[in-house]
Each structure stands twice: as C-alpha cells, then as structure tokens.
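If you read the protein sequences in the order shown, they are chains A and B.
The first sequence begins at 1 in the UniProt record's numbering and counts up by one.
The second sequence begins at 1 in the UniProt record's numbering and counts up by one.
Each hint should be verified, as a subset may be incorrect.
What the hints assert, rightly or not - Pair ranges (Cβ atoms, derived):
{"#": "1", "chain 1": "A", "residue 1": "154", "chain 2": "B", "residue 2": "154", "range": "55 to 65 Å"}
{"#": "2", "chain 1": "A", "residue 1": "46", "chain 2": "B", "residue 2": "153", "range": "22 to 32 Å"}
{"#": "3", "chain 1": "B", "residue 1": "154", "chain 2": "A", "residue 2": "46", "range": "50 to 60 Å"}
{"#": "4", "chain 1": "B", "residue 1": "153", "chain 2": "A", "residue 2": "21", "range": "18 to 28 Å"}
{"#": "5", "chain 1": "A", "residue 1": "45", "chain 2": "B", "residue 2": "110", "range": "13 to 23 Å"}
{"#": "6", "chain 1": "B", "residue 1": "200", "chain 2": "A", "residue 2": "56", "range": "49 to 59 Å"}
{"#": "7", "chain 1": "B", "residue 1": "21", "chain 2": "A", "residue 2": "165", "range": "27 to 37 Å"}
{"#": "8", "chain 1": "A", "residue 1": "96", "chain 2": "B", "residue 2": "18", "range": "47 to 57 Å"}
{"#": "9", "chain 1": "B", "residue 1": "109", "chain 2": "A", "residue 2": "165", "range": "33 to 43 Å"}
{"#": "10", "chain 1": "B", "residue 1": "78", "chain 2": "A", "residue 2": "109", "range": "46 to 56 Å"}
{"#": "11", "chain 1": "A", "residue 1": "154", "chain 2": "B", "residue 2": "92", "range": "22 to 32 Å"}
{"#": "12", "chain 1": "B", "residue 1": "16", "chain 2": "A", "residue 2": "1", "range": "42 to 52 Å"}
Think of the hints as simulated: they come from the structure by calculation, not from any bench.
Glycine is no exception: its CB is placed at the ideal position from the N, C-alpha and C atoms.
There are 2 protein chains.
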Amino acid sequence: MSFSDKLKLYVITDSRFGSEVDQVKQALEGGATSIQLRLKNVSTRYFLDTAKSLRKLTTDYDALFFVNDRLDIAIASNADGVHVGMDDMPVEHVKEIAPNLIVGSSAYNIAEANYGINAGADYLGVGAVYSTNTKLDARYLGVDGLRNISKSVNLPIVAIGGISHQNCEDVLNCDIQGLAVISAILNSEDIVNSSKEMRNIIDKYI
Amino acid sequence: MSFSDKLKLYVITDSRFGSEVDQVKQALEGGATSIQLRLKNVSTRYFLDTAKSLRKLTTDYDALFFVNDRLDIAIASNADGVHVGMDDMPVEHVKEIAPNLIVGSSAYNIAEANYGINAGADYLGVGAVYSTNTKLDARYLGVDGLRNISKSVNLPIVAIGGISHQNCEDVLNCDIQGLAVISAILNSEDIVNSSKEMRNIIDKYI
Ligand code: NI
C-alpha cells in the first residue's frame, strides 16, 4: 500500500468510548489503515505511554500511526506523523523540527488548504463534511464544499466530520483519499465489524 | 554568570496572576535569573506564542528560559531548557530527542533525585520545601529534608515550594543553588521590587 492508500480508513480515538488500546485493536482488526491518537487533559506521561502502546499495535497491523497536536509525543513514541490544526503548532515548525514525520494539516476552506500545502503538509484533513456530535460547534462544508476543495488541491485529502456508513459513499465520490471517522466506528456495539463494513465500502471506491 | 549562578532566582509563571509577559518582564527587571513558563489547559498555539514572547524577554535580560513539561514548545520556542516532573516525559527521552536542552527534573526524595541524575538531568527541582498554596496537595520536605537531599547529590539544586522573603534564608543555608518562587514574587503589589528584595537576599548567600 502506498502512503495515500494507507489514509483510506483513518480512525481517530475518543476517550468517551473507553480505552484507546481496546478501540484501536478492534479498529485495526476490522481494517483501519491509519490511527490518530487524540487525547486532551491528560498528563504527558499518560499520553506517551498510550502512544507507545498504539505504536506497537499499528506496527503489527502495518497501519500508520499519527498523534494529534503533540509533536513531542509523536517524536518520543516514534509515530509516523502528527496531525495539527490551526490552534496547534504551525506546520512549518513541525517540518523544521521533525522533517521525517508525516504532517497532516486541518483545513475548512481553500485558504486553509493552501496554508497547509505551502507550509509543507503531507496530507490535509478536510472538514467538517457534515455536522457532527463530536465537536458540537464545528462548521460544516457539505459534500459540495468538500468537492470544491478536492478539485483545487493535489495533496491527499482525508475527509472528516460526521461521516457514517450511511453517507460515506457521497463523500467517496468527492475525489478524496481517505475517510476519518470517530463515532461511526468507535461508538458501535461491534467495532471490528463496523470497521470491516466501512472498509468494504471504501475499497469499492479507492 | 555560570549556568549554576543563573539558577539563583528562578521564577515560575502562574496564569492566576495575570499576563505571563507582564509577570516575566517585571520579574526580570527585578533580577530574576531564570524563568519557567508553566501553562495548563491552553492550546499549543497559544502556549508557543507565549513561549516565543518570553524567549525574547529572557534573551534581553540574559536570563535562562525553561518550559514546563512540553518538550515540543521548548524546542519550537528555542528555550534553553525544559523542566519535567514524574508525570511528564521521562528525562531519558528528552535527552535523546533534544540533547542540547538543559533538563531539570523534579525530586521529592533521594530516590527521585537519583532517578534524575542517572537519567541525565542537568539540575534538580527539589521540593516542596514548605507547604504551599499553589499546589494544595503537595507533600513537603522541610529544610531538613532539603538538606538531606542536597548533601547526597552533586547536581545543582533549585529549591521549590512555599519559599518567601521571610523563610528563604533558612533555605539558602541548605547548600542549594537556587530558589524557585511563584507567589512570593508574582502575587505581590510590586513584582519588580519583590524580585529585587529576594535577589538581594540570595546574593548574600550564593
Ligand atoms: Ni484532488
């Protein structure tokens, strides 16, 4: 699988849904190709220990491992990359400090996408595509907004925000390289199976 | 001033006492020789922007600049060092990732001091010396506990925890290299003057 192929099913952890290790083990078993560890309000030591566990799991499954926001944790856990948003460390700094890390940059519009591209990002996290319960205040683009961005940029795009088994084919029709999901997979009775089902849909398109 | 001399008046920021930049400008004007930026529950972008401002100020005053906990912020702001506790990144990781940074390690007892020393720390933050209002749950050593540790280690020691103008001479008699203060300086009507007064006391001993 190429780098871009490994973005196809990108699962972001959420501590509301229990242990990160359990979440990730099941998501990988079901076919997740990338994992992003997102943790807030925990100690650096706990964050790092969790990251090291997920690094091991993702290596076993040949998946990519990203850390949200925290470059220090990404470096110390030997992650493949770090994902940063507009409130996080600027992409330029990340690239300067850790040139070998894959850097993902969040974008809501073409201006933010271009910022990421010019700063050296390796992929864009574009969204929210749909209104989402995960971040209640998130602005959303709709599939037309997503398609406008994917038309104008060449960098791999991972679509994010409110993506479910029901709506993901509309998203996959937007010429994007991956789907980032939280609730659709982690907030399900059977994480392995919900990952498998989404992966099967994705494999028809990407 | 040698490295160890620059630890003599070590001021740690506290957002309860207003803008970090204002706090630090006045503390430096009064004679602080080291500044540690400590921030919790803020975005990485805000943390980094604040760190860059303090880096400029500390350079102007020829003081050392440390970041609490966050190695990513320390590297990106070009800080002199990072200070880590037992809940933060292990000293070994910090030294491996950023061998040029000064690393301070917190120690409450001789076992923790030896951990820091063996892991490659450059100085120890030892305390709490006194019971403190800053961390209500902090254990405290007393001056006898502090003296026991300072006798048994050769690394520079910055004493921390409840140190005030009233009690600091007792601490300075413990064969330590610096005093770390928060409230005694930052929670005063005139930060410049309270720094000056403490610096004058310290200069009689160190
Ligand atoms: Ni495209």
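Range agreement (Cβ of residue 109 (chain A) with Cβ of residue 78 (chain B), hint 46 to 56 Å): violated, 32 Å
Whether the CB-CB distance between residue 21 (chain B) and residue 165 (chain A) falls inside 27 to 37 Å: violated, 49 Å
Residue 200 (chain B) paired with residue 56 (chain A), Cβ distance criterion 49 to 59 Å: holds, 54 Å
Assessment of proposed distance window 42 to 52 Å (beta carbons of residue 16 (chain B), residue 1 (chain A)): For residue 16 (chain B) and residue 1 (chain A) the Cβ distance comes to about 50 Å; the hint holds.
13 to 23 Å as the expected CB spacing between residue 110 (chain B) and residue 45 (chain A), which holds or is violated: For residue 45 (chain A) and residue 110 (chain B) the Cβ distance comes to about 21 Å; the hint holds.
Distance restraint evaluation - residue 109 (chain B), residue 165 (chain A), Cβ atoms, bounds 33 to 43 Å: violated, 54 Å
Satisfaction of the hinted span 47 to 57 Å by the C-beta atoms belonging to residue 96 (chain A) and residue 18 (chain B): violated, 32 Å
Range hint 55 to 65 Å (beta carbons of residue 154 (chain A) and residue 154 (chain B)) holds or violated: Holds - the Cβ-Cβ distance for residue 154 (chain A) and residue 154 (chain B), about 57 Å, lies within 55 to 65 Å.
Outcome of range test on Cβ distance (residue 154 (chain A), residue 92 (chain B); 22 to 32 Å): Violated: the Cβ-Cβ distance is about 41 Å, outside 22 to 32 Å.
Outcome of range test on Cβ distance (residue 154 (chain B), residue 46 (chain A); 50 to 60 Å): Because 32 Å falls outside the window, the suggested range is violated.
Verdict for residue 46 (chain A), residue 153 (chain B) (Cβ pair) under range 22 to 32 Å: holds, 28 Å
18 to 28 Å as the expected CB spacing between residue 21 (chain A) and residue 153 (chain B), which holds or is violated: violated, 37 Å
The structure fails hints 3, 4, 7, 8, 9, 10, 11 (numbered hints given earlier, in ascending order).
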